[in-house]
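Asks: Here are the chains, one letter per residue:
Number of protein chains: 2
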Amino acid sequence: MTDVTDDSLRPDDGRVDDAFHVFDTTLRDGAQREGINLTVADKLTIARHLDDFGVGFIEGGWPGANPRDTEFFQRAAEEIDFRHARLVAFGATRKAGVRAEDDPQVAALLDSGAPVITLVAKSHDRHVELALRTTLDENLAMVRDTVAYLRERGRRVFVDCEHFFDGYRANPDYAVRVVRAAHEAGADVVVLCDTNGGMLPAQVEAVVRAVLGATGARLGIHAQDDTGCAVANTLAAVDGGATHVQCTANGYGERVGNANLFPVVAALELKCGRTVLPAGALAEMTRISHAIAEVVNLTPSTHQPYVGVSAFAHKAGLHASAIKVDPDLYQHIAPEAVGNTMRMLVSDMAGRASIELKGKELGVDLGGDRELVGRVVERVKERELAGYTYEAADASFELLLRQEVEGRARRYYRVESWRAIVEDRPDGTHANEATVKLWAKGERIVATAEGNGPVDALDRALRVALERIYPQLAELELVDYKVRILEGRLGTGSITRVLVSTSDGRNEWSTVGVAENVIAASWQALDDAYAYGLRRAGVEPQE
Amino acid sequence: MTDVTDDSLRPDDGRVDDAFHVFDTTLRDGAQREGINLTVADKLTIARHLDDFGVGFIEGGWPGANPRDTEFFQRAAEEIDFRHARLVAFGATRKAGVRAEDDPQVAALLDSGAPVITLVAKSHDRHVELALRTTLDENLAMVRDTVAYLRERGRRVFVDCEHFFDGYRANPDYAVRVVRAAHEAGADVVVLCDTNGGMLPAQVEAVVRAVLGATGARLGIHAQDDTGCAVANTLAAVDGGATHVQCTANGYGERVGNANLFPVVAALELKCGRTVLPAGALAEMTRISHAIAEVVNLTPSTHQPYVGVSAFAHKAGLHASAIKVDPDLYQHIAPEAVGNTMRMLVSDMAGRASIELKGKELGVDLGGDRELVGRVVERVKERELAGYTYEAADASFELLLRQEVEGRARRYYRVESWRAIVEDRPDGTHANEATVKLWAKGERIVATAEGNGPVDALDRALRVALERIYPQLAELELVDYKVRILEGRLGTGSITRVLVSTSDGRNEWSTVGVAENVIAASWQALDDAYAYGLRRAGVEPQE
Chain A
52 MTDVTDDSLR PDDGRVDDAF HVFDTTLRDG AQREGINLTV ADKLTIARHL
102 DDFGVGFIEG GWPGANPRDT EFFQRAAEEI DFRHARLVAF GATRKAGVRA
152 EDDPQVAALL DSGAPVITLV AKSHDRHVEL ALRTTLDENL AMVRDTVAYL
202 RERGRRVFVD CEHFFDGYRA NPDYAVRVVR AAHEAGADVV VLCDTNGGML
252 PAQVEAVVRA VLGATGARLG IHAQDDTGCA VANTLAAVDG GATHVQCTAN
302 GYGERVGNAN LFPVVAALEL KCGRTVLPAG ALAEMTRISH AIAEVVNLTP
352 STHQPYVGVS AFAHKAGLHA SAIKVDPDLY QHIAPEAVGN TMRMLVSDMA
402 GRASIELKGK ELGVDLGGDR ELVGRVVERV KERELAGYTY EAADASFELL
452 LRQEVEGRAR RYYRVESWRA IVEDRPDGTH ANEATVKLWA KGERIVATAE
502 GNGPVDALDR ALRVALERIY PQLAELELVD YKVRILEGRL GTGSITRVLV
552 STSDGRNEWS TVGVAENVIA ASWQALDDAY AYGLRRAGVE PQE
Chain B
52 MTDVTDDSLR PDDGRVDDAF HVFDTTLRDG AQREGINLTV ADKLTIARHL
102 DDFGVGFIEG GWPGANPRDT EFFQRAAEEI DFRHARLVAF GATRKAGVRA
152 EDDPQVAALL DSGAPVITLV AKSHDRHVEL ALRTTLDENL AMVRDTVAYL
202 RERGRRVFVD CEHFFDGYRA NPDYAVRVVR AAHEAGADVV VLCDTNGGML
252 PAQVEAVVRA VLGATGARLG IHAQDDTGCA VANTLAAVDG GATHVQCTAN
302 GYGERVGNAN LFPVVAALEL KCGRTVLPAG ALAEMTRISH AIAEVVNLTP
352 STHQPYVGVS AFAHKAGLHA SAIKVDPDLY QHIAPEAVGN TMRMLVSDMA
402 GRASIELKGK ELGVDLGGDR ELVGRVVERV KERELAGYTY EAADASFELL
452 LRQEVEGRAR RYYRVESWRA IVEDRPDGTH ANEATVKLWA KGERIVATAE
502 GNGPVDALDR ALRVALERIY PQLAELELVD YKVRILEGRL GTGSITRVLV
552 STSDGRNEWS TVGVAENVIA ASWQALDDAY AYGLRRAGVE PQE
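Respectively, the protein sequence lines represent chains A and B. Letter by letter, the first sequence follows residues 52 to 594 of this note's numbering. Letter by letter, the second sequence follows residues 52 to 594 of this note's numbering.
One should not assume that every hint holds.
No copy is singled out in the list; a pair is fine if it fits within one copy or between any two copies.
Straight-line Cα separation of at most 30 Å, BS3-like style, residue types lysine-lysine; simulated pairs [said to hold, decoys possible]:
no.: 1; residue 1: Lys432; residue 2: Lys409
no.: 2; residue 1: Lys146; residue 2: Lys409
no.: 3; residue 1: Lys432; residue 2: Lys533
no.: 4; residue 1: Lys146; residue 2: Lys432
Hints in this document: simulated from the structure, not taken from any laboratory.
Using the sequences plus the hints, can you model the full thing?
Replies: Have a look at this one:
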């Protein structure tokens with residue numbers, strides 16, 4: 052057990068102003084989200100991203116409570132040179148009837164070497180009685196003793212008052228006494244937690260204001276999103292006087308989730324005039340949000356505020372010309388401020404202006420060629436009438452655009468025919484087999500493959516046929532596949548639209564196929580996906 | 052063009068109190084969400100769900116602006132008997148320099164037959180100049196004239212002030228003049244729109260309060276979620292005096308989305324003491340949220356407040372015993388209030404109580420047979436874990452239930468095997484052929500048919516095989532077909548779920564199939580659809 056000197060209490064040591072904290076708890080509370088299961092390596096990677104982003108504090112876990120968190124603190128101390136953040140260990144106040152110095156759980160917090168410790172404390176009288184099974188007075192003593200003990204050992208201490216808002220409603224007097232006990236014992240911040248997440252902003256602001264008035268303690272806020280108001284509740288607490296905000300990346304957390312770090316920070320920086328990040332960090336927000344989603348293995352939400360791919364997507368049509376004149380009239384912030392970009396969605400409402408904007412975005416110069424732009428608009432309209440959608444299939448749109456610009460499609464092979472067979476056998480298993488017949492590099496190739504479905508079998512047969520001529524195809528991977536039946540009231544005779552996402556390990560693109568049946572539509576989308584991927588890889592067509 | 056009398060202005064006609072409105076715009080603004088593309092049939096289905104839920108108003112679209120919306124209003128008037136909601140047509144104020152009675156767009160609004168019309172109006176001076184390209188005074192006249200004209204024709208009129216909050220910041224005087232113009236011309240509600248979605252709750256409340264004081268107009272709020280605060284902004288506007296709230300189901304909408312109907316209504320009902328729904332409707336919220344997600348073909352968000360499957364999911368462990376003693380200590384509301392359930396473990400979807408209720412609903416007496424109910428619960432859990440969903444497939448659920456009650460499945464035929472072939476021919480056309488081999492009435496039957504897709508071909512082959520033995524099949528028609536890829540990050544190798552709706556001309560039912568490929572999944576859903584249809588027609592199995 053090493054004591055650390057309390058460097059962190061000193062004014063600015065190169066970090067963002069300590070008077071207002073952003074405290075990230077992705078690695079502790081965020082990891083409670085159903086479906087997230089982090090390894091120590093995952094936690095280290097996320098900690099690096101959060102430090103890059105420049106949060107003030109990173110709560111790493113509960114050392115002593117599980118071996119993974121203990122290991123995380125050891126390795127973080129050795130492997131990460133934090134530039135902006137301070138590492139925080141989470142734990143509980145001492146057990147009832149035990150001295151703080153004799154409680155092994157408290158000892159593990161000191162052992163972690165973390166300079167800052169967050170202690171969770173009960174502040175709702177019924178929880179003290181029912182969950183802790185001790186007296187209200189002993190709970191106060193537990194808070195006081197544990198804070199004082201850790202302060203004596205040189206640690207900075209934050210206290211999370213669990214279920215504070217519900218507790219304040221049930222017994223405001225006792226809830227305030229817990230805050231006062233923590234404050235008087237030397238806690239630097241007392242965090243009011245809406246653990247069950249049921250609060251609305253006006254309530255949060257009023258309670259924070261009242262507790263601040265009653266105690267004079269420095270207050271923080273921890274909001275859960277059960278009413279869909281966690282971001283607003285966090286900002287309301289700041290309005291009420293809180294100067295420490297707890298969040299998680301992408302709002303990960305138990306049940307609905309926690310206050311989402313990214314919209315909270317963006318609102319504080321861009322709308323409330325507070326500097327909470329190092330210079331330049333906000334523009335990294337979109338990248339960091341997506342990177343963390345990759346680490347926890349969840350698809351980034353396309354509709355997340357500020358950082359989702361849809362966050363600055365406009366259905367052009369009507370307003371495209373006005374957007375060209377003054378985009379700020381149609382967006383609440385410049386997307387570049389948070390590292391995102393405006394996207395014009397190509398749809399049948401699309402006029403000439405949006406096609407030109409889209410061309411510019413894709414780096415295809417339409418050079419004000421009115422006739423060319425008109426031709427593209429016509430093609431898009433005609434195809435969208437047939438069921439295609441280019442707003443969700445950028446790569447197919449780019450192929451269409453380049454075909455019009457270059458006067459012809461660049462083809463990597465010419466398909467003669469293909470066939471897919473699905474067979475249900477008497478034993479209940481299925482056989483899926485596909486054959487493709489095509490020409491590439493002047494050669495006729497016939498290939499057959501099996502798969503776990505007819506589309507998979509076709510995909511494999513195509514790869515078998517082409518692998519020799521285009522070895523680059525091996526890098527392409529199908530990562531998403533969506534089917535939509537159009538004019539669904541017509542039964543299975545309707546039109547089928549397939550959207551395919553493909554990745555080369557660095558980038559991802561989407562293509563679309565439309566046909567009277569799902570197999571043929573899938574084939575088209577695959578065909579576009581490979582044409583786009585090969586073009587992107589710089590491969591010359593050898594039809 | 053028919054004039055309608057303004058019934059809706061009369062006090063309570065069996066609907067929820069008119070003094071506070073919930074106004075749903077899923078079908079208009081919600082449909083702007085990237086990836087949503089609704090057919091008329093989809094819109095009618097969603098309108099029925101929203102009416103069941105009991106919103107006060109359903110904005111159906113922009114008649115005249117596109118043929119689909121025009122058709123929707125025609126068919127809604129013929130096909131839906133609204134019990135709670137009033138249908139609203141959306142449109143724009145008259146064009147600059149044209150009389151309202153001469154503007155075809157305004158005429159289309161009257162032609163729609165909708166008793167209520169929402170007019171969008173510019174209230175931001177720069178937008179008037181740049182997007183409308185007219186003068187500030189003409190814009191005021193456009194608002195005044197169009198409202199007055201529609202009022203004279205007996206319509207109730209709401210006015211959406213687009214970009215209101217940004218406009219109010221730029222030129223508060225002009226923004227207020229637009230509100231006043233609409234109000235004085237007879238608009239029933241003037242809706243302040245945060246079109247770019249950049250506001251925070253405290254700003255919204257202050258502006259609503261100020262505009263209410265300056266104009267005395269009845270105010271509404273339309274919030275977009277770009278700051279992640281749309282729900283809170285909506286509630287802040289209500290605190291500021293707004294009595295009309297615009298929302299969309301599941302928060303669908305452009306960019307990040309709109310204020311989410313479900314958390315807004317739940318907060319109003321459960322936390323703000325306002326009655327905005329008919330009795331019992333709130334308990335249907337989870338079901339309705341998921342049903343609408345199915346119609347728009349988006350996976351319901353697992354982490355949506357109140358209605359997500361994770362919204363009341365607890366990692367048991369630590370607090371399990373305390374939760375058993377007093378669950379209210381660990382949840383902000385009783386999940387049953389919104390039709391959701393507390394979950395202690397992953398995959399505990401179906402409870403005993405809901406199975407018994409469902410049995411009663413289907414007329415299957417489970418007679419309090421605990422062991423039987425337990426068996427059904429187990430079967431449902433196991434199947435839902437495998438990807439089935441019975442929420443959207445009543446008929447498949449009923450077959451499962453009856454099979455457990457009767458101890459065996461009643462089968463109309465026994466399938467030996469089937470095969471589907473899709474062939475792309477050199478001329479670009481496709482051949483789809485299917486063969487089924489089955490036993491019915493002691494006879495082995497082999498039939499082959501062609502179709503316009505592999506599923507259609509299978510459907511036809513099955514009908515050819517069985518038409519002699521079960522002529523009733525001729526009455527059954529496939530009316531809807533939906534495909535959803537589960538675990539979509541795995542590419543075409545993932546699990547496919549197919550939902551089929553079948554009609555016998557009087558009733559419609561839905562069945563589900565799940566398999567590793569779309570053809571096999573479709574086969575299962577068809578198989579269930581015919582078994583259910585034949586049973587319903589009173590046909591005895593002759594396997």
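Asks: For every hint, state whether the structure bears it out.
Replies: Going down the list of hints, with the structure as the test:
no.: 1; hint: Lys432 / Lys409; result: within (15 Å within a copy, 47 Å between copies)
no.: 2; hint: Lys146 / Lys409; result: between (54 Å within a copy, 29 Å between copies)
no.: 3; hint: Lys432 / Lys533; result: both (22 Å within a copy, 25 Å between copies)
no.: 4; hint: Lys146 / Lys432; result: between (57 Å within a copy, 26 Å between copies)
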